[in-house]
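*Asks:* As a plain string of letters, each chain reads:
Protein chains: 2
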Amino acid sequence: MSADLKRDMLAMGQAARESARALRESSNDTRSEALRVAASALRARAPEILSANAEDLKAAADSSAAMRDRLALNEKSVEAIAQGLEAIAALPDPLARTLAHWKQPNGLDISRVATPIGVIGMIYESRPNVTADAAALCIKSGNAVILRGGSDSARSSHAIHAAMLDGLRAAGLPDACVQLVQTTDRAAVGEMLKGLNGAVDLIIPRGGKSLVARVQAEARVPVLAHLEGICHVYVHQAAKLDMARAIVRNAKMRRTGVCGAAETLLIDKAVLSSHGVPILNDLESAGCEIRGGEAVRAIFPAAVPATEEDWRTEYLDAIIAVKAVDGVEAAIRHIEAYGSHHTESIVTEDAATAERFLAALDSAIVLWNASTQFADGGEFGMGAEIGIGTGKLHARGPVGVEQLTTFKYAVRGSGQTRP
Amino acid sequence: MSADLKRDMLAMGQAARESARALRESSNDTRSEALRVAASALRARAPEILSANAEDLKAAADSSAAMRDRLALNEKSVEAIAQGLEAIAALPDPLARTLAHWKQPNGLDISRVATPIGVIGMIYESRPNVTADAAALCIKSGNAVILRGGSDSARSSHAIHAAMLDGLRAAGLPDACVQLVQTTDRAAVGEMLKGLNGAVDLIIPRGGKSLVARVQAEARVPVLAHLEGICHVYVHQAAKLDMARAIVRNAKMRRTGVCGAAETLLIDKAVLSSHGVPILNDLESAGCEIRGGEAVRAIFPAAVPATEEDWRTEYLDAIIAVKAVDGVEAAIRHIEAYGSHHTESIVTEDAATAERFLAALDSAIVLWNASTQFADGGEFGMGAEIGIGTGKLHARGPVGVEQLTTFKYAVRGSGQTRP
Numbered sequence: 001m002s003a004d005l006k007r008d009m010l011a012m013g014q015a016a017r018e019s020a021r022a023l024r025e026s027s028n029d030t031r032s033e034a035l036r037v038a039a040s041a042l043r044a045r046a047p048e049i050l051s052a053n054a055e056d057l058k059a060a061a062d063s064s065a066a067m068r069d070r071l072a073l074n075e076k077s078v079e080a081i082a083q084g085l086e087a088i089a090a091l092p093d094p095l096a097r098t099l100a101h102w103k104q105p106n107g108l109d110i111s112r113v114a115t116p117i118g119v120i121g122m123i124y125e126s127r128p129n130v131t132a133d134a135a136a137l138c139i140k141s142g143n144a145v146i147l148r149g150g151s152d153s154a155r156s157s158h159a160i161h162a163a164m165l166d167g168l169r170a171a172g173l174p175d176a177c178v179q180l181v182q183t184t185d186r187a188a189v190g191e192m193l194k195g196l197n198g199a200v201d202l203i204i205p206r207g208g209k210s211l212v213a214r215v216q217a218e219a220r221v222p223v224l225a226h227l228e229g230i231c232h233v234y235v236h237q238a239a240k241l242d243m244a245r246a247i248v249r250n251a252k253m254r255r256t257g258v259c260g261a262a263e264t265l266l267i268d269k270a271v272l273s274s275h276g277v278p279i280l281n282d283l284e285s286a287g288c289e290i291r292g293g294e295a296v297r298a299i300f301p302a303a304v305p306a307t308e309e310d311w312r313t314e315y316l317d318a319i320i321a322v323k324a325v326d327g328v329e330a331a332i333r334h335i336e337a338y339g340s341h342h343t344e345s346i347v348t349e350d351a352a353t354a355e356r357f358l359a360a361l362d363s364a365i366v367l368w369n370a371s372t373q374f375a376d377g378g379e380f381g382m383g384a385e386i387g388i389g390t391g392k393l394h395a396r397g398p399v400g401v402e403q404l405t406t407f408k409y410a411v412r413g414s415g416q417t418r419p
Numbered sequence: 001m002s003a004d005l006k007r008d009m010l011a012m013g014q015a016a017r018e019s020a021r022a023l024r025e026s027s028n029d030t031r032s033e034a035l036r037v038a039a040s041a042l043r044a045r046a047p048e049i050l051s052a053n054a055e056d057l058k059a060a061a062d063s064s065a066a067m068r069d070r071l072a073l074n075e076k077s078v079e080a081i082a083q084g085l086e087a088i089a090a091l092p093d094p095l096a097r098t099l100a101h102w103k104q105p106n107g108l109d110i111s112r113v114a115t116p117i118g119v120i121g122m123i124y125e126s127r128p129n130v131t132a133d134a135a136a137l138c139i140k141s142g143n144a145v146i147l148r149g150g151s152d153s154a155r156s157s158h159a160i161h162a163a164m165l166d167g168l169r170a171a172g173l174p175d176a177c178v179q180l181v182q183t184t185d186r187a188a189v190g191e192m193l194k195g196l197n198g199a200v201d202l203i204i205p206r207g208g209k210s211l212v213a214r215v216q217a218e219a220r221v222p223v224l225a226h227l228e229g230i231c232h233v234y235v236h237q238a239a240k241l242d243m244a245r246a247i248v249r250n251a252k253m254r255r256t257g258v259c260g261a262a263e264t265l266l267i268d269k270a271v272l273s274s275h276g277v278p279i280l281n282d283l284e285s286a287g288c289e290i291r292g293g294e295a296v297r298a299i300f301p302a303a304v305p306a307t308e309e310d311w312r313t314e315y316l317d318a319i320i321a322v323k324a325v326d327g328v329e330a331a332i333r334h335i336e337a338y339g340s341h342h343t344e345s346i347v348t349e350d351a352a353t354a355e356r357f358l359a360a361l362d363s364a365i366v367l368w369n370a371s372t373q374f375a376d377g378g379e380f381g382m383g384a385e386i387g388i389g390t391g392k393l394h395a396r397g398p399v400g401v402e403q404l405t406t407f408k409y410a411v412r413g414s415g416q417t418r419p
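Going line by line, the protein sequences match chains A and B. Sequential numbering from 1 applies to the first sequence in this note's numbering. Sequential numbering from 1 applies to the second sequence in this note's numbering.
If you are wondering where the hints come from, they were derived from the structure by calculation, not from laboratory data. Some hints here could point you the wrong way.
[Said to hold, decoys possible] The calculated DMTMM-like cross-link candidates involving lysine to aspartate or glutamate, where the alpha carbons are at most 25 Å apart (straight line), are:
| id | chain 1 | residue 1 | chain 2 | residue 2 |
| --- | --- | --- | --- | --- |
| 1 | B | K194 | A | E228 |
| 2 | A | K76 | B | D93 |
| 3 | B | K103 | A | D350 |
| 4 | A | K240 | A | D175 |
| 5 | A | K103 | B | D362 |
| 6 | B | K76 | B | E48 |
| 7 | A | K103 | B | E48 |
| 8 | A | K76 | A | D93 |
| 9 | B | K103 | A | D376 |
Please model the complete structure; the sequences and the hints are all you need to start from.
*Replies:* This is the structure:
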């Protein structure tokens, strides 16, 4: 059984590697056509997708409401997935980019040009829409992909995958450009993390912390991901009160389960009463639990006492840790000590302080006077994202089609030899 | 002993992490000043560096001539190292780059700006000059570095490191920006590969295949490197004979031990006699062993029969494998099947064939009518390189100061919240 699984997975890797070459050599028109046909096929196949999804939901009857919510599809969400594919098809060709071009004194003409990464392994939880989104972003950027979704969504993903195959076939691209791991055996993930004999260039995990942590710990190939988003909003003493209230409330409460949701609020001591009280009142009446240090509890006695652990916690829930700080340098020190290098925002009318905050922090995204919930490829104008990266290498922040490319150097000479 | 080593290495990681923050916040003037003072210090300390080197050479009396050659310094090479530091100091600031900038319809102003990677672990063999070069490239790009050189060069590296410290101190930067692992215990490398408790962002190995292979197999943090350079020259039927002779001879014989040296020559069957014979005669009279397939031995009987293994071998020596191919598609297929994605060159006067070769190959560097030995950061105009990457992620080809940076997004708003 295990030997069969290993052999099957290696065969998938080999097929992906071969189809990656076809994708790399295909035109943007071909790749976009595959996505447009897949969108039509999704609409045409909506009844079978919804019926597969109903079976998945039935089998997951005992799962949590949140899990069932992630799993559930309806006509509207299938249409949204189809529109997402069309939007990705309409993006400019990410491979038609010369990233740099210069001439050397000896006449060598050097271009740094975009190329696909190759084969991407996508490991995700039971969100059927990721099957379409990830496949589309990989196709558009010229990468073959091996998808391994959560077993609870297996039937839904299988039905969506059939629509992606319709698109590939219509465009004359090999089926193996988008492969879906059919077995629910978790050993398949282990094989992918080993790289399928050199066939996998990059693993992208998308899901909860335990999934990402497992992938980061076990992968023998590069991983693009974020483990957690302990995002901060810092309300500086020169913040406009109305703006600070709107930004903090949006950053925390718009959606509490997304990685760009604020988890810690830092407020300058100088405005703890004037700004802190109305901001915390807003949060409390929106249903948010406040956990505060001593200074915060002095002005907001309803706050639960915060422990050291709170500064390191990604709640992904209607809970916020609040700390009074003494100026921008203290805020920077706190974020550097406790943050996860994801997304941080400062609210202030003081430009010099804002620029200091933007420059000093080593996070993927730093914002001035805007909500941390803008940490999203769509909101950045990338069309869509396959995830967000907080590592230091390759790409940080939202990962869209351009971030799914790498580059090579094309050098044109006239017979130059090296002295 | 092992517990002590681990504790010492973790302390180095912690110190590197702290000094990385100082470097990240330092100006280009400060970083460049450190390099200029280090260059002067190298010249002033030349007698002690050469005396340390003499001791290293004495201890390595039983080593190979090639190894002793790599290890040996003289007044001229110390001066060359000092000039290298000054050249790196004079490069433009790699951190003063806005890589992209756009505005969203909601008014958000988004910049992708260059930032240092953080802490780099450099693992290299007994080339004392790498101690200075790698330190300089890291300082210039705002990265702290932990250097672990070969134990045979320990005394030389220690003396060069002292000059780097002179530079850091004169510029007011912490000593821990450039740390040299003093122990020759190989377990120190193992600790670095584990990442020193999250302190190391990137490992760069530089040396022979066994060193790089060990690092790639064991590292738990990203690695930027090339394992081998099986570089190809393809002489197309429309190649000018004189140009083909000059390029092949240079690509193979200029220096045979560098990663950009050609290891396999592909020649179109149509010009096997007209071009192949003079090219192989050139190589033979330059002292190169020719290994050929059947067609090659038919026109050049002195050739040794080539085996399947020859197409996969990086000789790093005066040996070349030669194969007759039937056109550019066959050449591409051979290179994709046997190459190492490092550097390949086509010699032809036919522009369409050249562009096909440049587009189709998935190698870090593809050249048209130029020697593969241009695979070098200096030759690319990057000032210097810390190595060459053949992985797919982050950077491919020569790794100079710009490739030692990553980026973050700075987003400037006016109170935007996400709907």
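*Asks:* It remains to establish, for every hint, whether it holds in the given structure.
*Replies:* Verification of the hints:
{"no.": "1", "hint": "K194/B x E228/A", "verdict": "holds (21 Å)"}
{"no.": "2", "hint": "K76/A x D93/B", "verdict": "violated (51 Å)"}
{"no.": "3", "hint": "K103/B x D350/A", "verdict": "holds (21 Å)"}
{"no.": "4", "hint": "K240/A x D175/A", "verdict": "violated (55 Å)"}
{"no.": "5", "hint": "K103/A x D362/B", "verdict": "holds (22 Å)"}
{"no.": "6", "hint": "K76/B x E48/B", "verdict": "holds (15 Å)"}
{"no.": "7", "hint": "K103/A x E48/B", "verdict": "violated (41 Å)"}
{"no.": "8", "hint": "K76/A x D93/A", "verdict": "violated (28 Å)"}
{"no.": "9", "hint": "K103/B x D376/A", "verdict": "holds (15 Å)"}
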